[in-house]
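Asks: What follows is each chain in one-letter form.
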Amino acid sequence: MSGNTVFLEFLLFPGLLFTAVAGLLTSWVDRKVTAMVQMRVGPPLLQPFYDLRKFFVKETCVPEGGAAGLFLLAPLVGFAGVTLASMILWRALLDYEATFIGDLIVVIYLLVLPALGVILGAFASRNPLASLGGSREVKLMIAYELPLILAVLVPVIQANSIRLGDLVSAPAPVVSISGVLALLVGIACMQAKLTLVPFDMPEAETELSGGVLIEYSGPPLGIFKLTRAMMLFTMPVFLVVLFFGGAVTATGWWPKLIGLLAWFVLVALTIVIRNTTPRVRTDQAVRFFWGPVSLVALVAVVLAWAGL
Amino acid sequence: MLAEYFPILIFLAISIAMGVILLSMGGILGPRSPDSEKTSPYECGFEAFEDTRSKFDVRYYLVAILFIIFDLEIAFFIPWALVLDKLGVFGLIAMIIFVVELVIGFFFVWKKGALEWE
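Protein chains in written order, with the numbering used here: chain W, 104 to 411; chain L, 555 to 672.
Note that these hints are calculated values from the structure, not bench results.
No incorrect hints appear here.
With a straight-line cut-off of 25 Å between C-alpha atoms, the simulated DSS-like cross-links for lysine-lysine are: (1) K161(W) / K328(W); (2) K592(L) / K157(W); (3) K242(W) / K666(L); (4) K242(W) / K665(L); (5) K328(W) / K592(L); (6) K328(W) / K157(W); (7) K592(L) / K161(W); (8) K135(W) / K157(W); (9) K328(W) / K135(W); (10) K242(W) / K328(W).
Model the full assembly from the supplied sequences, consistent with the hints where possible.
Replies: Now the structure itself:
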């Protein structure tokens, strides 16, 4: 593949532009469903785009005494990470040859970057509430990262490869018991990775009034919101790639429909959980992820290696 | 191998550059008039009670260290999972022992109360 095509792929499809637009549309679904649950009308389809446009013509306020450079650069860390992760995932779905050995590991760590960016930004804000939120985000990350990696191991064991191309051409792990268990673990971790209720204590509007993002305004805040929308789109794609593998990449339009449906169910599930659960405390979240969730994930790994 | 990872580095640089462009758009299009009230850290509308850089509980370190230990142990699974066929029964038994140790360590930590917050 020539350098020019790759560059276009990165900027347009399936890279930056595609992920951004798809992410904003997904965030519209989230907002609309949330509004309907709360008996409101909800925003029009293009509202996330209007919001974003508005962010970019607003003033950037850098808090006094904060680390200005880090404060402004922090949003870019997550933005870069999720863009690249989405591109690698979609290229794996579209073209086996575009994948390379170990790209799964690369994607896992690229998807850590958005949380890392939020933490860096929070600590650069020089705001007590932001710092509190940042420390909560650190603890949350420590909590969910462990079971997530265990859950990822199940498809790896089944396909016997850490190359995304092999994972998406192997039989779908979700038809086995271990695959189902790992997918459930993955869904719980996804909720925490997106910092959506019940795991939104880094933001906790009622106690920390926005927490990690409290000092952000204008374009940097816009980039954080965009990153979050892109994550809402990309994380379910990640789970579909991992757990539906071969079922969505086979030839014909039927598998693609299954993939789309699986993605939509995952998004819908996320939104439903977010609207029907109360926020938990940090210690409860840590105990939840290191207790039952990790155990289920371990059981899934054991089952996977037993071939179930 | 390195040749495959190099494009990722380039794209990471490009996406950060894109972000910088987006950020500076705000500088060009948006107003810029900071004053001391506007740029002071927000804490319910009054002066901040304390500085951000404060003391915190040593137990955070404990949890962080536990995370590193467990994360590293989990990382051993990935290469093992890849060569599982070639290792056969020996690899299976070795990993069962490893997992049992991991679980014992995990329950030890749990019962010791390292995961309790207060």
